[in-house]
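*Asks:* For reference, the chains in residue letters:
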Amino acid sequence: MSHVLEVRNVAKRFGGVTAVDDVSFCVDEGEILGIIGPNGSGKSTLFNCVLGQLRPTSGEVLVDGRSVTGMRPCDLNRLGVSRTFQLLQVFPQLSVRDNLILAAQEHQGTMLSRLFGRPDAGLTADAEQMISFFGMSHLAGEMAGGLSYGQQKLLDAAMAFMAGPRLVLLDEPAGGVNLTMLGHLKERLKTLNSERKATFVVIEHNMEFVMSLCTRVLVLAEGKILAEGKPAEVRSNPKVIEAYLGH
Amino acid sequence: MKTLLKYAQVALVVLAIAALLAAPLVLKPYGIFVLSQWAVMAIAAVGLNLTLGYAGQISLAQASFVGIGAYTVALLQPFGVPFALAFVAAGLLSFAIGWVLGYPALRVQHHYLAFVTLAFTTLVFLVMRNEEWLTGGIYGISNIKRPIILGWSTVKPVPFYYFALGMLALVTAIVWWLLRSPWGRAFTALRENPIRALSLGIDTRRYTLFAFAFGSALGGLSGAMHAPLVQFIEPTSFGLSLSLTLLLMVIVGGSGYFLGPFVGALVAVIMPEWLRFADGLYLIAYALLVLLLMTFCPSGILGLFGRLANLIETRAASARRQSLSAKLDQKPVSS
Ligand SMILES: Nc1ncnc2c1ncn2[C@@H]1O[C@H](COP(=O)(O)OP(=O)(O)O)[C@@H](O)[C@H]1O
Ligand SMILES: [Mg+2]
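Respectively, the protein sequence lines represent chains A and B. For the first sequence, our numbering gives the first residue as 1, with consecutive numbering after it. For the second sequence, our numbering gives the first residue as 248, with consecutive numbering after it.
Bound conformation, chain A alone:
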């Protein structure tokens, strides 16, 4: 059986800077892979290369064994791959409910059928379910721009799950989120992982979060994979301690 995600020798150079340097790894169904590494080690750039926001300088990306290198993010999303960005990205002028409907509407029918179909593309029930799953029922009608930072961060993650993706890439989902919210988010991710068989790749600085959530961890330093393994192994790896945990 092929891997859900396979990254083969991906490199990305910006002028003289090599942000991602010959990275290869695989993710299998049901895994939660953590990616850690110091700031500027190329984690976000790697995500952008995998998801088509950037075109890798070289290398190949495969989803379910099919090459998706250079595919547009919208087409990739409709194949069941979704993401969040490091910086918060919700649509402030839309309500929480509309943000969630938006996140799945392009998966329903065609452009023409959406033009003549229902305004909510038949997604209100799904959106409400996701809203209550993330404990935001009291906020459903609020403009996303009016929520607290932590709530927007949860909404951002919820949007990535709306279309029932097979693979979700989360870029620092815990950044700037308080402890209660963080526990909440972790529980939700675990549930989605076990109940919906969603596969995750999570970039995160919060060690506690990574260690308790991820099944496997990949350490990136200066664009290269420094170490890979079970959370506990990685934590005690001297190279990793020196490069990352040491300071």
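Calculated from the structure, these hints are not laboratory results. Hints are all accurate, no fakes.
What the simulated footprint calls covered on chain B by chain A, stretch by stretch (three residues with Cβ under 8 Å from a Cβ of chain A suffice, anywhere in the stretch; the number is not a length): (1) 415–428; (2) 432–442.
Pulled a few chain A residues facing chain B out of the computed Cβ check, cut under 10 Å: (3) P92; (4) Q105; (5) E106; (6) Q108.
Facing chain A, from chain B, some residues (calculated, C-beta under 8 Å): (7) L445; (8) I449; (9) D450.
Idealized CB from N, CA, C, for every residue including glycine.
Based on the hints, put chain B with the ligands in the right spot on chain A.
*Replies:* Chain B with the ligands in isolation, oriented as in the chain A frame:
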């Protein structure tokens, strides 16, 4: 509170529609002509609001589409093409050209896009002026007849006024439908954050092209009404100055607000007429008014109402909180 404001808004709209319908009872033919002009220009402004206000794509080319629509109707008339057909042709032609004009928007944005669309306005103007064999050059086309629709003659000012109102209503209904469909949500997403939208499966390229095509089509329909309204067209009517006026309508009314272009068109078409009492100073007074409005309320007239509504809403919410916390304070502390 929110629902109250909503009702107030609906009541205002109903009142405005009633006033528009009753206007011929009180206005002289010139007044009716000005109101017809408002209805026709509002169609183009609604289109530009779709492209700019909702989808976030700046265009200084809207006047060109008004011109394309007007010339389409004027040029088809001598061949005995029925107005309805010419009207549809004007819309379709503008849709197609607008689609093509959308391609630069896939590469450049903001002021760069403004300049690309500005160049397009100039190009269309030059074609209208220089291709005399087709357009009559600087002399334009005169004697454009007003149509007879299913036996109903729109030749006189009042029937044409109602005809223009009807067309505006039709266009408004279509745009309302479009904006409340998932497309409206996708347009807003395109305006607010195209990169995030793309990652959520929204084909931003197609929506950008459609935003241009639909907006331009409405420009064309506006032109198709403009030609029989003024009955004489010439290239300078469709130059940069009209594009800027249309942009002004959208911005002054409130870009991205559904009712914005109607209010904006009212300001841009009617205000100069009202200010005529100031004689030679009326254009200066008008310019000053726009200056003041844009300085103190950059989100437009409807933006001003939105801010007002928010203020009332916040006041009400904090009052609720206060009375609630007052109640909590009264409770005996048990711990
Ligand atoms: N668009 C870009 N243009 C130029 N350099 C970039 C760009 N994006 C990222 N970089 C560089 O690539 C390196 C990796 O950045 P990034 O992937 O954001 O790291 P991380 O997410 O691990 O903190 C950094 O040196 C950064 O300056
Ligand atoms: Mg990063």
